[in-house]
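A.B. asks: Chains A and B are the protein sequences, given in the same order.
Our numbering applies: residue 1 is where the first sequence begins, and numbers increase by one.
Our numbering applies: residue 1 is where the second sequence begins, and numbers increase by one.
No lab work stands behind these hints: they were computed from the structure.
Incorrect hints may appear among the rest.
Unchecked claim - Examples of chain A residues toward chain B, derived with CB under 7 Å:
1. Arg-97
2. Gln-98
3. Met-102
4. Gln-105
5. Ser-106
6. Asn-108
7. Asn-111
8. Asn-112
9. Arg-124
10. Val-126
11. Phe-127
12. Ala-153
13. Leu-158
14. Pro-241
15. Phe-245
Stated by the list, open to error - Below are the DSSO-like pairs computed for lysine-lysine, each with C-alpha atoms no more than 27 Å apart in a straight line:
16. B/Lys-189 - B/Lys-171
17. A/Lys-74 - B/Lys-129
18. B/Lys-4 - A/Lys-74
A quick note: this is a predicted structure, and the numbers were derived from the prediction, not measured.
For every residue, glycine included, the Cβ atom is placed at its ideal position computed from N, Cα and C.
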Amino acid sequence: MAEKTTPYLQNDDSTAADVGQPIVKIEHLGKSFGDHAVLKDIDFAVNKGDVTCVIGPSGSGKSTLLRCINLFEKPTVGRILFHGEDVTATRKPYLLRQKVGMVFQSFNLFNNLNVLHNCTLGPRKVFKMSKADAEQLALRHLKTVGMDAYVNAKPRQLSGGQKQRVAIARALCMDPEVLLFDEPTSALDPEMVGEVLSAMKTLAEGGLTMIVVTHEMSFARDVANHVVFMDGGVIVEEGAPAQIFDDPREERTKAFLSRNKAVN
Amino acid sequence: MLLKIWEILSKYYVDILIGVGYTMLVALIGTVVGLVIGILIGVYRTIPDPRNKTALVFKKIGDWLLTAYVEIFRGTPMMVQAMVIFWGFAELNDGMTLDVTVSGLIIVSINTGAYMAEIVRGGIISIDKGQFEGAHALGLTHTQTMFNVVLPQALRNILPSVSNEFVINIKDTSVLNVIGFTELFFVAKDIVTQTYETFPTYLLVAIVYFILTFGISMLLRFIERKMDGSKNYKVLGSQNMDAESFAREARNG
Ligand SMILES: Nc1ncnc2c1ncn2[C@@H]1O[C@H](COP(=O)(O)OP(=O)(O)OP(=O)(O)O)[C@@H](O)[C@H]1O
Ligand SMILES: [Mg+2]
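With the hints as constraints, model all of the structure from the sequences given.
C.D. replies: See below:
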């Protein structure tokens, strides 16, 4: 049982050696389900403060990539580095997930707990925070997303947009170094998309490091500082939003963007 | 007829109450212990397979033993189990028998545990995968996820089945008369040997059983409704409320 203590457990993210090093780095990552290769040779890095948007057609592997980053999926080949440390085969993925949060398309709020306790569960169980401290923390983050008035509500009593904002507050309570979003607005009615996107924009402006899989092109253009276009399990093209949206180099990117424009 | 029942009741009510007491004691404790056994097995069975080879082998052996336990106790009558365990103990201890009450508690508990294991497992696998992922994404371990998120929901969902097991146990403790346990049915047999009033006695006992099971059903349904909580919530209003009073309202609300 005497396992080497992992540095990412103890150190703050801002040690001298860390400067200029990406928080998450992905090297030659591949993932297959059976003989279906869903991701092929992905290389990708996230630096502190980056807001990366991942776009691409359905089935291109965006969710799978995101789920590899927090080890929900085990990569078939390649490595995932967290502050330079290889975590691909760790036996304690929950230690990584304490630092790499995730917000889901389907919210996944805990149905048995009210809004406040959805937010306090993580800090209380994982950080052993006192009840009072956890509640203060939760209220602070619920305020950020404009949901502090709903502390007593159960998830089933909330609208989709409200649920997603609570889910974001819940993730923030863990003070993640990176927050992953998997199509956070895709399950929402159109009139609720705005409230969630604006909450996310606030976070981005506050300096939170985020990776956002999204079909909201205007969000990607306005908020991201880096856009990744995926198709068929590979990164076809990546760059600054202006470059990707106004001056795409690859034919596949052009085709995807024009198809998307036609829809919107 | 009614008069006869009344006579039996007024003469033997103390014995009947003792029988009721033992029946309820064994049914209640058996159901609770059975549920605990069921939860432990249910949780064990949903632990993800370890990557380590040796650990995996042990997990598989454990799985196999638990399956054997569940299938054997579900596949044989409790009356027979009672005889095998009671006399098996005597056989192994030079004829010394185990206290009948203790025997009764053990038998009903492990018998109920076998049924509860399946009920709990069903409750756990019916919980949406998103609930597990939501918890894992925060960095909670499997055990923390189980006890804080999944089990509370699973237990709420299986409460009707658990109530049902309790009611079954109230009735089925009657088979423990084969080892001489003085539950309600045993008391009835005893009364009959003294009064020779077979029909009125058993009719009376049937009524008592029904009152017990029906009462318990009503009680548990009431508890279910309580657990579901109120349909409404209060939106906390004033902007200038400080965090502490917010938290206080949240706790009380
Ligand atoms: N657990 C799984 N088992 C088998 N195949 C899977 C699994 N998860 C995903 N896939 C397959 O991998 C491919 C990529 O899926 P993924 O969900 O990553 O795509 P996506 O880009 O997120 O699509 P969308 O925009 O529709 O969400 C799909 O073909 C999908 O069917
Ligand atoms: Mg997806």
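A.B. asks: Run every hint past the structure and note whether it holds.
C.D. replies: Structure-based check of each hint:
1. Arg-97: The hint holds - A/Arg-97 has a Cβ within 7 Å of chain B, the shortest such distance being about 4 Å.
2. Gln-98: 3 Å, holds
3. Met-102: Interface hint status for A/Met-102: holds (4 Å vs cutoff 7 Å).
4. Gln-105: With a closest approach of 9 Å, the A/Gln-105 hint is violated.
5. Ser-106: At 5 Å from the nearest chain B Cβ, A/Ser-106 passes the 7 Å test, so the hint holds.
6. Asn-108: Where the cut-off is 7 Å and the nearest Cβ of chain B is about 3 Å from A/Asn-108, the hint holds.
7. Asn-111: 6 Å, holds
8. Asn-112: 4 Å, holds
9. Arg-124: 9 Å, violated
10. Val-126: Interface hint status for A/Val-126: holds (5 Å vs cutoff 7 Å).
11. Phe-127: 9 Å, violated
12. Ala-153: Constraint on A/Ala-153 satisfied, holds at 4 Å.
13. Leu-158: Nearest chain B Cβ about 9 Å off; hint violated.
14. Pro-241: 27 Å, violated
15. Phe-245: With Cβ-Cβ at 30 Å, over 7 Å, it is violated.
16. B/Lys-189 - B/Lys-171: Roughly 15 Å separates the two Cα atoms, so the pair holds.
17. A/Lys-74 - B/Lys-129: Cα-Cα ~17 Å, so holds.
18. B/Lys-4 - A/Lys-74: 74 Å, violated
Checked against the numbered hints above, the structure breaks hints 4, 9, 11, 13, 14, 15, 18 and satisfies the rest.
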